[in-house]
Amino acid sequence: MNWTWFHRLASPPHVYRLATRLAPWLYAGAALGIAYGLIAGLFFAPPDYQQGDAFRIIYVHAPSAWLSLSAYTTMALAGAVALVWRIKIGYAVAAACAPIGASFTIGALITGSLWGRPMWGTYWAWDPRLTSELILLFLYFGIISLRQAFDDPARGDRAAAVLGLVGVVNVPIIHYSVQWWNSLHQGATLAKWAKPSMPGSMLVPLLSVLLGFMLFFGAVLCTRLRAEVLVRERQSNWINEMVSIP
Amino acid sequence: MSLPATAVMRLILRRELKLSFRRPDQLVQPLVFFLIVATLFPLAMNPQLPVLRQIAPGVLWVGALLSSLLAVEGMFRGDADDGTLEQMVLSGHGLSLIVTAKTLAHWLISGVALVLVSPLMATALNVPSSAFALIMAGLALGTLTLSWLGAIGAALTVGLKRGSVMLSLIVLPLAMPLLIFGASATDRAITGDSVAGPMYLLGALCLFTTSLAPFAAAAALRITLE
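Same order as they appear, the protein sequences are chains A and B. Just so we're aligned: 130 in this note's numbering is position 130 of the first sequence, and the numbers increase by one with no gaps anywhere. Just so we're aligned: 399 in this note's numbering is position 153 of the second sequence, and the numbers increase by one with no gaps anywhere.
Keep in mind that the hints were calculated from the coordinates and are not lab data. Hints should not be assumed to be uniformly reliable.
These stretches of chain B come out as covered by chain A in the derived footprint (C-beta under 8 Å, 3 or more residues) [claimed, not checked]:
(1) 402 to 416
(2) 419 to 425
(3) 460 to 470
Residues from chain B that keep clear of chain A, each with C-beta distances beyond 12 Å, as calculated [as the list claims (entries may be wrong)]:
(4) Pro-288
(5) Asn-292
(6) Glu-319
(7) Ala-386
(8) Leu-395
(9) Ile-398
(10) Gly-399
(11) Phe-454
Please read all numbers here as calculations on a predicted model, not as lab measurements. Backbone N, C-alpha and C define an ideal beta-carbon position, used for all residues, glycine too.
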């Protein structure tokens, strides 16, 4: 088994070239998946028998919420890899992930509250899902600003990676705590939506958008990663060779 | 170098306690802050006794959270400024051991004092005295957990100029689950329900942070000090 391809992932020039090559394909795949899913979901899927057409916001909301968590996991893993094996590119990946994840979190919160207005009669409820998503957003903010708070970027990177790992320990705690907390106070507003059994005509577009969002995350990650690598490696020869006009 | 771990911890504990008792203002300030915060709520809200009893758990725990945040800020700063912390890192004794001793000392000073004052505030909030023991037990577990979370935050921000804002941005989200369980335990103690569930969870959080936070805070200190 040849592992060179794997070891090369630690090399900034290699990662830069890989991200440059991958990004167009990822953008194209994301556009296809999101376009098909949204058209099929918004125009052709049958309306929900209870929620009518309002349920269609799920095609943006659920993938955003899902990506907000997986972006966090990606960020924490990249930070852990960088901390443990001292692979600098991991910090670049983590730094690139954080704003994307925060954006997905904001997207999930906004679409969720727009959905909540017709369904629950309120934009915001102190419901477990909503609260845990909000805490996730605060964690993102903390990590992003901690990275920027240091004069020395290398220390900011490492501090942010430690905080990301501490936060990942906290994510399941947040999730369950708010569940128990809620069960004490009010009846289950979300219970009837807990297991939405969907027919295929609703589910396939959702999965398509989800795949599209994942590819979109990958694509934006590639773009941001290229920018991060350029900034971080600006002193190195390969960048000077690449950008210098002969 | 040849000192055993327990001796190191005892030495640091004694040093920290001695230092704090020589500067009693640092001991008293977070307590006064706690009392003031808890006073703000009845002033801002409808101060009717049944209402006060309802908001008492939230007031007590938010007050404890904020005052612990205030107290934890200086945990490593003084030692970092005069170089003591670097000597501790270089001493060859495990840094997580040193962090443990410092955090325990911090809790013994600020946490225990807050627990002792809490019945006073609870009385002002119309909480029946039968609930005091359980409230104090819950706050004891909670303030220790907060000290651990604060130690991580303080270690991450010790080298920063505007560290205190950063510290609250880091610690408050991490402390939200604790706030939920703590307020729920206190609420049940006041209404007379069984507090076992949230109290076990408070204990679990406390053990969890006690077992992992020393390593996280030590790693953070190594990063910010070099």
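Outcome of the hint check:
1. 402 to 416: holds (count 8)
2. 419 to 425: holds (count 4)
3. 460 to 470: holds (count 5)
4. Pro-288: holds (22 Å)
5. Asn-292: holds (20 Å)
6. Glu-319: holds (15 Å)
7. Ala-386: holds (19 Å)
8. Leu-395: The claim is violated: B/Leu-395 sits with its nearest Cβ about 9 Å from chain A, within 12 Å.
9. Ile-398: violated (6 Å)
10. Gly-399: violated (9 Å)
11. Phe-454: violated (8 Å)
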